[in-house]
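Student: Protein chains in written order, with our numbering: chain V, 42 to 333; chain Y, 1107 to 1443.
Treat the hints as calculated values from the structure; they're not laboratory data. Note that the structure is predicted; figures quoted are calculated from it, not measured.
Restraint-style ranges between C-beta atoms, simulated for each label pair: (1) Gly206(V) / Tyr1144(Y): 54 to 60 Å; (2) Gly234(V) / Ala1125(Y): 51 to 57 Å; (3) Lys325(V) / Gln1312(Y): 29 to 35 Å.
Derived SDA-like pairs (lysine to any residue); straight-line CA-CA distance at most 25 Å: (4) Lys325(V) / Arg1327(Y); (5) Lys1246(Y) / Ile303(V); (6) Lys1246(Y) / Glu310(V); (7) Lys211(V) / Ser227(V); (8) Lys1396(Y) / Phe159(V); (9) Lys1246(Y) / Ala260(V); (10) Lys325(V) / Ala1334(Y); (11) Lys211(V) / Gly234(V); (12) Lys325(V) / Phe1331(Y); (13) Lys1246(Y) / Leu316(V); (14) Lys1309(Y) / Tyr141(V); (15) Lys211(V) / Arg132(V); (16) Lys1246(Y) / Ala312(V); (17) Lys1246(Y) / Phe306(V); (18) Lys1246(Y) / Pro307(V); (19) Lys1246(Y) / Ile317(V); (20) Lys1246(Y) / Asn51(V); (21) Lys1396(Y) / Tyr141(V).
If you want a taste of the chain V side facing chain Y, the calculated C-beta under 7 Å gives, among others: (22) Val76; (23) Tyr141; (24) Leu144; (25) Phe147; (26) Gly148; (27) Ile152; (28) Asp155; (29) Phe159; (30) Glu308; (31) Leu311; (32) Ala312; (33) Ala319; (34) Pro326.
C-beta: ideal position from N, C-alpha, C; glycine also.
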Amino acid sequence: MSILIIQILNSLFYASVLFLIAAGLSLIFGVMRIVNMAHGTLYGIGAFVTAWLVGRVLAAGVPVGLAFLLIPVGAAVVAVLGALIEPTLLRPFYRRAEEYQLLVTFGLLLILEDAIRFIWGGLPITADPLMDAVPSIRVGTLIYPGYYLVVIGVGILAAIGLWLGIYRTKFGVLLRATSQDRRMASALGVNVGLVYVSAFAVGCFMAGLGGAIIVPSQAAVLGMGVDALILAFVVVVIGGLGSLQGALIGALIVSFVRTAGIQFFPEIELAVLYLIAAVVLLVKPTGLFGSA
Amino acid sequence: MKADTAGKVSRRSPLILAAAGAIILVLLALLPMYIGLYQIQLLTYGLIASIAALGFNLLLGYTGLLSFGHSAFFGIGAYSVAFLLRDAGIRSMELYILIGLPIVAIASALLGYICVRHTRIFFGILTLALSQVLYSLALKFFWVTGGTDGLRVARPTLLAGMLTFTGAGSYQRFVNSYYYYVLGVFAVCVVLMWVIVHSPFGKALQAIRDNETRARFLGLRIRRFRWASFLISGTFTGLAGILWVPLNGLTTPEVLYWPFSGEIVFTALLGGFRNFTGPIVGGIVFTYLKTYAVATTEYWQLLLGVVLVLLVLLLPTGIVGAIAALAGRLRGKERLA
Chain V
42 MSILIIQILN
52 SLFYASVLFL
62 IAAGLSLIFG
72 VMRIVNMAHG
82 TLYGIGAFVT
92 AWLVGRVLAA
102 GVPVGLAFLL
112 IPVGAAVVAV
122 LGALIEPTLL
132 RPFYRRAEEY
142 QLLVTFGLLL
152 ILEDAIRFIW
162 GGLPITADPL
172 MDAVPSIRVG
182 TLIYPGYYLV
192 VIGVGILAAI
202 GLWLGIYRTK
212 FGVLLRATSQ
222 DRRMASALGV
232 NVGLVYVSAF
242 AVGCFMAGLG
252 GAIIVPSQAA
262 VLGMGVDALI
272 LAFVVVVIGG
282 LGSLQGALIG
292 ALIVSFVRTA
302 GIQFFPEIEL
312 AVLYLIAAVV
322 LLVKPTGLFG
332 SA
Chain Y
1107 MKADTAGKVS
1117 RRSPLILAAA
1127 GAIILVLLAL
1137 LPMYIGLYQI
1147 QLLTYGLIAS
1157 IAALGFNLLL
1167 GYTGLLSFGH
1177 SAFFGIGAYS
1187 VAFLLRDAGI
1197 RSMELYILIG
1207 LPIVAIASAL
1217 LGYICVRHTR
1227 IFFGILTLAL
1237 SQVLYSLALK
1247 FFWVTGGTDG
1257 LRVARPTLLA
1267 GMLTFTGAGS
1277 YQRFVNSYYY
1287 YVLGVFAVCV
1297 VLMWVIVHSP
1307 FGKALQAIRD
1317 NETRARFLGL
1327 RIRRFRWASF
1337 LISGTFTGLA
1347 GILWVPLNGL
1357 TTPEVLYWPF
1367 SGEIVFTALL
1377 GGFRNFTGPI
1387 VGGIVFTYLK
1397 TYAVATTEYW
1407 QLLLGVVLVL
1417 LVLLLPTGIV
1427 GAIAALAGRL
1437 RGKERLA
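One chain only, chain V, in its complex shape (with noise of 0.2 Å):
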């Protein structure tokens, strides 16, 4: 029994990340029309920014406490990278074919996975006294790590307050107006271009957030980017590209299934995924609950 919820909240666990990086793929997408494949390196540098900055706080003597406010630090750094991508090097792009777009974040992904290498060498990076900090909690018989906790309400959090900055402020008023109609939104005096740096730079942030949030729990390593698109794009597959409810449904279905096939089909875990969202695309292209 305890087994099973300690299952459940792994399955929590990998879909508040999943989320976070799947949800700024899904509003880059619902607003600018780019599938992002940098998204995922975005993540990484998010992961590798935030581990840095705790190796180096710590080692100055600064309580683990404080070193907490490190992980939207880290988040932050992504979005200011966000903010200098979008204008130079995506903006030249929005009147050309998808496939030009498509293309030019894949150079930029080769570019940023190099960056990495270059900034922080081969070697993986840990910041495991965040996660020993948070005691564990008692699963039945079974010790669970308290930080996992910690990731999954701020997956929960990062998914209220998405909801709210786009149902219930002006600011989310303007993004869907510029996504739904890009032309008319600016014939109504809407700063497209500041519309296109926040969308960018928030989904920017919301990767480097998911980077930020799980590197105390496993370290920094070359190539977890690319392995997370992989995994978002299941997840937008599944749930529909541009649709937040889309993004955290089909982010909570890969986390379960996945954690299911580690358990009971480990070498299909991964083929049973991408199949799931080869029969989504089929039955329904534009995902559960995506539209047009």
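Model the placement of chain Y on the given structure of chain V, informed by the hints.
Tutor: Chain Y in isolation, oriented as in the chain V frame:
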């Protein structure tokens, strides 16, 4: 009058093309006398990459579908050869090709049947997802595929066992002979693809690419055409995989992994996917570019990424497209002068 001159041009241009092709082929055939063994090997890799890109481009350039999963076919070709050697003890290159081609054709037909239901971005994601199913299977079923270690492939015999490569100096002999072998297959592939894209079938594909609605009004069964194009495209790329394994001597799941699909896309784009010769040039240039980048810097991915971004930004028609545009401008000036 107009139709007449157009007819003349189209009647004459295949001859010129054939002559140009023959000259290039002779030059390529003479080249090994002047370059070292390593260069010959590199050029062979380049020709193989060209075949892969040529197949890929039937889908991107002529049908307008961007596949991000062509590593699947390359990998299926490569693994077919490895399985044929390990499980059936086959050592003949001709048998590899004869048995391998139907395998990749069937795989392309199956994946294509699913994928062509979508276009644009969804097509790309679907091809990506399905190719990654294969990748994860190759990785996880290590007792069949060797996992990340991959499978070794010994040097095969060429021309129905007439050429065997054992004993002293066999490596040099193999690289030399294999170059001509690949060159021969390459020439056949180029001619075949040229015929395909200039056939009514190829014209139909281009019509679908340019205007789907209009093509449907003309009575074309769009999905079936796309499926056929996918099948041919996958088979060409699979053939490249079959040819690649004996030269590389090893196949790993890397060739099924999606960044490898990205490299195929890159190749076509580098040469120029709106041209018939673009992917051919791209395949050879990319092979040299990557080898050079890997040799000179640890951060070769970064270099390739920068090249890719610059290419998309400044040279969207690729090398061949740019040269053609330049030549056109020069010719225009001549006429003015």
